[in-house]
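If you read the sequences in order, they're chains A and B. Note that the first sequence covers residues 850 to 960 in the numbering used here. Note that the second sequence covers residues 482 to 595 in the numbering used here.
Treat the hints as calculated values from the structure; they're not laboratory data. One thing to keep in mind: the hints can contain errors.
[Said to hold, decoys possible] Short derived list, chain A residues pointing at chain B, Cβ under 8 angstroms: (1) 856; (2) 859; (3) 888; (4) 890; (5) 895; (6) 918; (7) 919; (8) 937; (9) 949; (10) 950; (11) 953.
[Unchecked claim] Okay, derived cross-link-like pairs now, BS3-like style, lysine-lysine, Cα gap no bigger than 25 angstroms in a straight line: (12) A:919 <-> A:875; (13) A:905 <-> A:918; (14) B:538 <-> A:952; (15) A:875 <-> B:538; (16) A:919 <-> A:952; (17) A:919 <-> A:955.
[Claimed, not checked] If you want the ones that stay clear, here's a sample from chain A, every Cβ over 10 angstroms from chain B, calculated: (18) 862; (19) 865; (20) 945.
Here a beta-carbon is modelled for each residue, glycine too, at the ideal position from N, C-alpha and C.
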Amino acid sequence: SQQGEEDPQALSIQEGENATMNCSYKTSINNLQWYRQNSGRGLVHLILIRSNEREKHSGRLRVTLDTSKKSSSLLITASRAADTASYFCATDAGGSEKLVFGKGTKLTVNP
Amino acid sequence: GAGVSQSPRYKVAKRGQDVALRCDPISGHVSLFWYQQALGQGPEFLTYFQNEAQLDKSGLPSDRFFAERPEGSVSTLKIQRTQQEDSAVYLCASSLRQGGRGQFFGPGTRLTVL
Chain A
850 SQQGEEDPQA
860 LSIQEGENAT
870 MNCSYKTSIN
880 NLQWYRQNSG
890 RGLVHLILIR
900 SNEREKHSGR
910 LRVTLDTSKK
920 SSSLLITASR
930 AADTASYFCA
940 TDAGGSEKLV
950 FGKGTKLTVN
960 P
Chain B
482 GAGVSQSPRY
492 KVAKRGQDVA
502 LRCDPISGHV
512 SLFWYQQALG
522 QGPEFLTYFQ
532 NEAQLDKSGL
542 PSDRFFAERP
552 EGSVSTLKIQ
562 RTQQEDSAVY
572 LCASSLRQGG
582 RGQFFGPGTR
592 LTVL
């Protein structure tokens, strides 16, 4: 079964707006990662945040982590049509080698 | 190429047929993972190799699923007597070393069982 859930399940915004996606998980973690998946393609690693970090930035991406609430958020600023994709959070579920993914948020950025 | 490659990209099988899916990881990557992704869902872990050793196969849904990595590089996921519920995208990922972080994913094989 999957670790947690992202919300919203689907998000549609205009180019230039910010997009925020949330992820909740169930078990303790060492790190949490966000991946992007374009239609018909594999997953692309975006960013990793460790359990002792609260916020991390990478370009137009900002990730926060609240281990007390077992939740994370991904913010994409100044969105572009090319950001249209599904976004998944994944955890290491307590340090195991495997990744445990949520169900994903489908983001549509309209030009 | 420099990335993870998988073949075939698409496979249509009749129910009951055996299939074999291939994964070529990034050269030198020690860890190799297989995931199953149903339509509209996130990937779910199937099995994990470190070099040629299969260290975790807890996600394999039944004994019809078998994976191997005999020389510690290329891996094959075999599904025997396919059933309709096996229809999914099968993703392979590799990482440089033990640690699970920064897994690099292939494009996947979309399996459709009729």
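Here's how the hints hold up against the structure:
Hint status for residue 856 (chain A): violated, given a least beta-carbon distance of 13 angstroms to chain B, over 8 angstroms. Restraint check, residue 859 (chain A) versus chain B: the minimum CB separation of about 11 angstroms is more than 8 angstroms; hint violated. Proximity of residue 888 (chain A) to chain B is violated relative to the hint, the smallest CB-CB distance being about 11 angstroms (cut-off 8 angstroms). For residue 890 (chain A), the shortest C-beta to C-beta distance to chain B is roughly 6 angstroms, which falls under 8 angstroms, so the interface hint holds.
For residue 895 (chain A), the interface hint is violated, the least distance from its beta-carbon to any beta-carbon of chain B being 11 angstroms, above 8 angstroms. With its C-beta approaching chain B no nearer than about 20 angstroms, residue 918 (chain A) sits outside the 8 angstroms limit, and its interface hint is violated. Residue-level restraint check for residue 919 (chain A) is violated (minimum Cβ-Cβ distance to chain B is 17 angstroms; threshold 8 angstroms). This hint holds: residue 937 (chain A) has a C-beta 5 angstroms from the nearest C-beta of chain B, less than the 8 angstroms allowed.
For residue 949 (chain A), the shortest C-beta to C-beta distance to chain B is roughly 7 angstroms, which falls under 8 angstroms, so the interface hint holds. About 3 angstroms separates the beta-carbon of residue 950 (chain A) from the nearest beta-carbon of chain B, less than 8 angstroms, and the hint is met. Nearest Cβ of chain B to the Cβ of residue 953 (chain A): about 5 angstroms, under the 8 angstroms cut. The hint holds. Of the supplied pair hints, the one linking residue 919 (chain A) and residue 875 (chain A) holds, its CA atoms being roughly 7 angstroms apart against a limit of 25 angstroms.
For the hint pairing residue 905 (chain A) with residue 918 (chain A), the CA-to-CA distance comes to about 17 angstroms; that is within 25 angstroms, so the pair holds. A hinted pair counts as satisfied when its Cα atoms are at most 25 angstroms apart, and residue 538 (chain B) with residue 952 (chain A) qualifies at roughly 22 angstroms. In summary, the hint linking residue 875 (chain A) to residue 538 (chain B) is supported, as the alpha carbons are separated by about 22 angstroms, within the 25 angstroms threshold. In summary, the hint linking residue 919 (chain A) to residue 952 (chain A) is supported, as the alpha carbons are separated by about 16 angstroms, within the 25 angstroms threshold.
Among the hinted pairs, residue 919 (chain A) with residue 955 (chain A) is consistent with the structure: their alpha-carbon atoms are about 21 angstroms apart, no more than 25 angstroms. With a closest Cβ-Cβ approach of about 20 angstroms to chain B, residue 862 (chain A) is found to remain outside the 10 angstroms limit, as its non-interface label requires. No Cβ of chain B approaches the Cβ of residue 865 (chain A) within 10 angstroms, the least distance being about 28 angstroms, so the stated non-interface status holds. Listed as a non-interface residue, residue 945 (chain A) fails to keep its Cβ farther than 10 angstroms from every Cβ of chain B; the least gap is roughly 7 angstroms.
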